[in-house]
Amino acid sequence: MLEAQSLECVRDDRLLFSGLSFSVSDAEVMQIEGHNGSGKTSLLRIICGLRQPEAGQVMWQGESIKSNRESYYENMVYIGHLPCIKADLTVLENVRSLLDTRSLALANSIIETALENVGLASYEDVQGKALSSGQRRRILLAFLELAQAKLWILDEPLTALDVQGVDLMESMILDHRQAGGSVIFTTHHGMQLDCEMRSVHLGHSNYQE
Amino acid sequence: MWHWIQRFSSPKHFYTMSVPLIKWFTVGALLIGLYGLYLGLFVAPTDYQQGESYRIIFIHVPAAWMSLFVYMVMAASAGIGIIWQIRLADMVAAASAPIGASFAFLALVTGSLWGKPMWGAYWVWDARLTSELILLFLYLGYMALQSAIEDQRSADKASGLLAIVGVVNIPIIHYSVEWWNTLHQGATVTKFDKPSIHVDMLIPLLLMAVAFKLFYAAIVLIRARNEALYRDRNRRWVRELIEQL
Amino acid sequence: MLKAYYYLLFRDLRLALRNRHELANPLIFFVLVVTLFPLAVTPTPETLQTMAPGVIWVSALLAVLLSLDRLFKQDYEDGSLDQLMLSPNPLVILVLAKVTAHWLLTGLPLVIIAPLLGLFMSLPMEAVIVLIYSLLLGTPVLSLIGAIGVSLTVAVNRGGVLLSLIILPLYIPILIFGANAVDVAMAGLPVSGQLLFLGAVLALSVSLAPLATSVALRITASR
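Residue numbers (my numbering), protein chains in the order written: chain A, 1 to 209; chain B, 1 to 245; chain C, 1 to 223.
These are computed hints drawn from the structure, not numbers from a lab.
A portion of the hints provided could be inaccurate.
[Said to hold, decoys possible] Below, a list of computed lysine to aspartate or glutamate pairs in the DMTMM-like style, where the Cα atoms sit at most 25 Å apart:
1) K3(C) - E70(A)
2) K73(C) - E22(C)
3) K12(B) - D12(A)
4) K3(C) - D12(A)
[To be verified] Coverage of chain B stretches by chain C, computed from C-beta distances (three or more under 8 Å per stretch; other residues unrestricted):
5) 151-157
6) 160-169
7) 175-181
8) 218-224
[To be verified] Chain C is nowhere near these chain A residues, computed Cβ spacing over 10 Å in every case:
9) S18
10) N36
11) C48
12) S64
13) A107
14) G119
15) V166
16) T187
17) D194
Quick reminder that beta carbons are idealized off the backbone N, C-alpha and C, glycines included.
Chain A extracted, bound-state conformation:
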């Protein structure tokens, strides 16, 4: 489904990785490992197409993501470090505006159910500024569930989540895998996933031409 072909990444004159190749197929979960500053976030942003790799390319369904951006983005959802939550919009409006970027017009009842599932029942009309950072992350979980994407790319998805939140995230990933979806993620917290998992390790970099 997704294939990375000999990716190379340089940041601030430092070679983070090069010749990195891997592929992710349906119903596969992959963890990107590596110490701080090893380029995990950069790799995820390259896979999303937000960042240009120094060399190599990312393929989606056998085509470069540059040339079939539209179909790739319909099937992929990325959640990064930042909460994407507007302080002045209500929870419902926040989810809606996130879904709008994907042109998904869903009924209120569907969104409300999703919010319930992530523990935000009866929060629909609360403004973003009144939420804790954990609750903000939960909005993103609801968005993730509603986004109808095959591939999830999650950068530190457990940030700011409490124990129940972590459990919720884990079970969401398992469900997603069960349904044939795939996940690429990074985490510093121990994620206990009761399934087969592959990993890519970003090691120490060295300078090379």
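With the hints as your guide, set chains B and C onto chain A.
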């Protein structure tokens, strides 16, 4: 073909290949420049209206031409850098900006020196001087953006895009300033375009223009070499160079 | 695609309406700067009239410049910008939506308040009408070109001065023709040439600036 371009445009290859070019450009710029200056300062006839002071055009006009030319080169190579990801093109663009800005500055200073005897003031809001000033601002904006962004790659692309936007705007800016000028000053005598120029003045002017171009070529190569060394300071070829010292 | 445009436009308008006090700031700034001039120079109607087109246009320019941050800053800081770039919809359309919202929130109010400033600067009626037309055609260009600048500088710390440095030279043609249209109208001469020029630049900017802005946003996201 593509492979050949890639190989030829590698900073390492460029670093060695540019040495003889710099030599020849420098020699050419010196010889032609000296000859052009000789013709311009001693051989060309005195202007019946402006006396001897007109001779500053042999610096002023080529500098003004170059300031625009360098901007075009800068935008074109920035475009190549953005579209085809050729690092050498980015280096040439970044190396060109300060040179072009210096040409614009030189054109402004010589223009105002010339203006003093002509207009009785160092600065007059003449259309060409004003356009030149705006061009200098465009250069300064490019350089400011280039240095404000830390990541080299993004800095090149961002400032490169700005240069391209600038190139689209330059004709519009030029046209509006011309128009503004004729409107506010009536028919000002623009000293810079005489309907006909004596051939003894034209030849040194063209020689100086060629000399300036060669001078720019030499300087931009030297600066681009430095950029290559600095940007690739962690790469193997630069390290090997240092070890050989 | 059209839907994506409207959704984003309405989201931005709604966000702005929830922050009404911020909405008025560029407008107050505009009036305030224009007010400074009669205080700095003599307030005789003749002097004011000669200065008026330039003063009002320069103030409008600065007011738009100061409000440009609103375009992408918040979206960049909270990560929404990434989501916009990962939208299956063309980024150009989304950029156009954001610029439209920006113009409706800053440019249009400036146009609406302009007659008041014409009154302050003792402009005759014909000149005020031309002032409105010129602002109507010119301010969208300011938002469009400004968007390129903001998307290049949004990730730069303290990018405010830098933004004005790279954007102001590009605003010069608009300033020249906008102010001149008003000037000429006061003399009772036809202004169609100036307005046509502003219209042409507007057409050019609408078609090219969003493209440049989306390239710039991708460059910014790529660091």
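Violations among the numbered hints, reported as their numbers in ascending order: 4, 8, 11
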